[in-house]
Amino acid sequence: MTYFIGALSFILALMLQYGIASQTPLLAGYADLILLVVASWGLHQRTRYFWVVILVMGAMIGAISAEPLLIPIVVYMVVYLAAIWVRERILQSPLLAMFFIVFMGTLFQHLLYMVSLFISRTAFAWREAIFNILLPSLILNMLLAIPVHALIQELARTSQTKATVI
Amino acid sequence: MKLKFSLRAIRNTIIALVVVGLLFLSVAGYLTPFFNFSTNPIIRTQSWLTERYTAFRDFFNSPRDMATLREQNTLLQSQLAQAQGKVIELQERLSQIQIVTGLLDFARANPEHSYLAANVIGREVSPYRQYIIINVGSSQGITHGMPVVTDKGLVGRIDNVISNAARVELITDANSVVNVRLQNASVEAQVRGSLMGEVTLELVPQGTDVQIGDAILTSGLGGNYPPNIFVGQVLAMQSKQNTLFQSGSVQPVVDFAVVSAVMVITNFSQVDIAPLVP
Numbered sequence: 001m002t003y004f005i006g007a008l009s010f011i012l013a014l015m016l017q018y019g020i021a022s023q024t025p026l027l028a029g030y031a032d033l034i035l036l037v038v039a040s041w042g043l044h045q046r047t048r049y050f051w052v053v054i055l056v057m058g059a060m061i062g063a064i065s066a067e068p069l070l071i072p073i074v075v076y077m078v079v080y081l082a083a084i085w086v087r088e089r090i091l092q093s094p095l096l097a098m099f100f101i102v103f104m105g106t107l108f109q110h111l112l113y114m115v116s117l118f119i120s121r122t123a124f125a126w127r128e129a130i131f132n133i134l135l136p137s138l139i140l141n142m143l144l145a146i147p148v149h150a151l152i153q154e155l156a157r158t159s160q161t162k163a164t165v166i
Numbered sequence: 001m002k003l004k005f006s007l008r009a010i011r012n013t014i015i016a017l018v019v020v021g022l023l024f025l026s027v028a029g030y031l032t033p034f035f036n037f038s039t040n041p042i043i044r045t046q047s048w049l050t051e052r053y054t055a056f057r058d059f060f061n062s063p064r065d066m067a068t069l070r071e072q073n074t075l076l077q078s079q080l081a082q083a084q085g086k087v088i089e090l091q092e093r094l095s096q097i098q099i100v101t102g103l104l105d106f107a108r109a110n111p112e113h114s115y116l117a118a119n120v121i122g123r124e125v126s127p128y129r130q131y132i133i134i135n136v137g138s139s140q141g142i143t144h145g146m147p148v149v150t151d152k153g154l155v156g157r158i159d160n161v162i163s164n165a166a167r168v169e170l171i172t173d174a175n176s177v178v179n180v181r182l183q184n185a186s187v188e189a190q191v192r193g194s195l196m197g198e199v200t201l202e203l204v205p206q207g208t209d210v211q212i213g214d215a216i217l218t219s220g221l222g223g224n225y226p227p228n229i230f231v232g233q234v235l236a237m238q239s240k241q242n243t244l245f246q247s248g249s250v251q252p253v254v255d256f257a258v259v260s261a262v263m264v265i266t267n268f269s270q271v272d273i274a275p276l277v278p
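Going down the list, the protein sequences come from chains A and B.
FYI, the working numbering numbers position 121 of the first sequence as 121, with every residue one higher than the one before it.
FYI, the working numbering numbers position 184 of the second sequence as 184, with every residue one higher than the one before it.
Calculated from the structure, these hints are not laboratory results.
All residues carry an ideal CB built from backbone N, CA and C; glycine is no exception.
Treat the hints with care, as some may be off.
Derived Cβ-Cβ restraints for the label pairs, each shown as a range [what the hints assert, rightly or not]:
1) B:Gln-183 with A:Met-60: 42 to 48 Å
2) A:Phe-124 with B:Gln-270: 23 to 29 Å
3) B:Leu-104 with A:Leu-81: 29 to 35 Å
Which residues of chain A face chain B? A few of them, derived with a C-beta cut under 7 Å, are [claimed, not checked]:
4) Tyr-30
5) Ser-65
6) Pro-68
7) Gln-92
8) Leu-95
9) Phe-124
10) Asn-132
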C-alpha cells in the first residue's frame, strides 16, 4: 500500500511540477515539488524497498528533463537516503528534519546543475545563477516544505495504518 | 321691536365686516405669521408622530423584509456567480479562438511550410534550462530538429521526442544559437540564449549600422532553421573598441512566459553539418 500511494504521490507531484510549479517562477528559480515529496517520504515511510520507487521516479524525470539522466537520479536518491539517515540518527522533530533536508538537498541539486552546465561549457555567470535561480528556488522549496510535509505525513500514516490492519 | 331688529342687524353687519376684514387680511398676507405660529406646533407634532409610527412599523416588519432581502440577495449572488462563470468560460474560449486564428493566419501567410499545431503541456523541471513540453510526438510525425513557431515568430526546435510528446528547446536556452540576419542592415549574425532567458545578438560586424527596433529574421545558415522566420527586434546595441564584433540585446517576438499553443514545421529537416566542420 505504501508503495502504491508513494508512486501515486510522485506522479501527482510530477504533473504539478511540470504543469504549475515550473511555470510559477520567483525571479528565475522555482520550487521542486518532487524533491520535497522525496524528502517527506524519506522522513515518514518505514518500508524497506521504497528506494526502488525513488529510483524509478528519478529515472523517469531524468528521461523527461533536459538535464543529464543521472542528475535527477543521484539527487533524489541522495535526498532520500539523507532523509532516512537524519530521521534515524540526528533530529527527532520531523519538520525541522524536513527543513534541513530540503535546504541541503536544494543546494546539492543546484550545485549538480551548475556543474553540469560548467562541464557542458555553457556560458553562465555563477553570481547570476546563485542570486537569481538558486536562492529563489531555495526560498520556494522551504516555503512549500511545510504543506508538502504535512500532506505526505498524513499519507504515510494512512498507508502504514492500513498496511498494519491488513 | 324696531330697536331689536336694529341691534341684530348691527351685530350681523359687524360680523360680516369682521369676516370680510379677516378675508381681506388673509388674502393680502397679513395673517401669514399668525397662521405659521399656530400651525407649526401641529406640523411638528404630526411629524414626530409619523416618525415614531414609521419606526414602530419598521421594527415589526423588518425581520420579514430582511429575510426576503437575504433570499433575493442569495439568489442574485448565485445568478451573478453563474454569469461570471459563463463570462470566464467565454473569455477562455475567445482566447483559444484568438490563438488558433493567429496560428491559422500564420500558416496561410507562410504556405511553403507544413504545420502541426500543438499545446504546451509543461515546462522543464530544471530552472537552468529553457524547455517546454508539447503534446505531439513521433506518432504524429514529429522528429528531432523540427522548428517550432507561433503566429508571432520563432519559438525553438524539437530536442527530444517520445510517442505522444516532445521537448522543445527554446531560443532563450543558454545552449541555443540561431543564425539570423538583420533585415534593415542586411548582415548575418547570431542570436544566443542565456541562463536567465535573455536573448543576445552577437557577431554583428563592427561598423554595421544597427538601429534599435530593427527586425531580426532567421537566415537559414547552418541548416537548423528555415530562413525568414521572425525572431525579435533589436533592443540595444553595445560596441566596444578593439573588438571585432558588436553585440546587443534582443526583444524576442514571442512571450515565452505565456506561450500556450505552438506549431511545428513538419516539412523541414535539420541539416547536420557536423561532419563538414573541420
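Now for the hints, and whether the structure bears them out:
1. B:Gln-183 with A:Met-60: 42 to 48 Å: With Cβ atoms ~44 Å apart, the hint holds.
2. A:Phe-124 with B:Gln-270: 23 to 29 Å: Roughly 25 Å apart at Cβ, these two residues keep to the hinted range, so it holds.
3. B:Leu-104 with A:Leu-81: 29 to 35 Å: violated (52 Å)
4. Tyr-30: Holds, because the Cβ-Cβ distance from A:Tyr-30 to chain B comes to roughly 6 Å (cut-off 7 Å).
5. Ser-65: Interface hint status for A:Ser-65: holds (5 Å vs cutoff 7 Å).
6. Pro-68: violated (10 Å)
7. Gln-92: Violated: closest Cβ of chain B sits about 32 Å from A:Gln-92, beyond 7 Å.
8. Leu-95: violated (25 Å)
9. Phe-124: holds (4 Å)
10. Asn-132: holds (6 Å)
Violated hints, in rising order: 3, 6, 7 and 8; the structure is consistent with all others.
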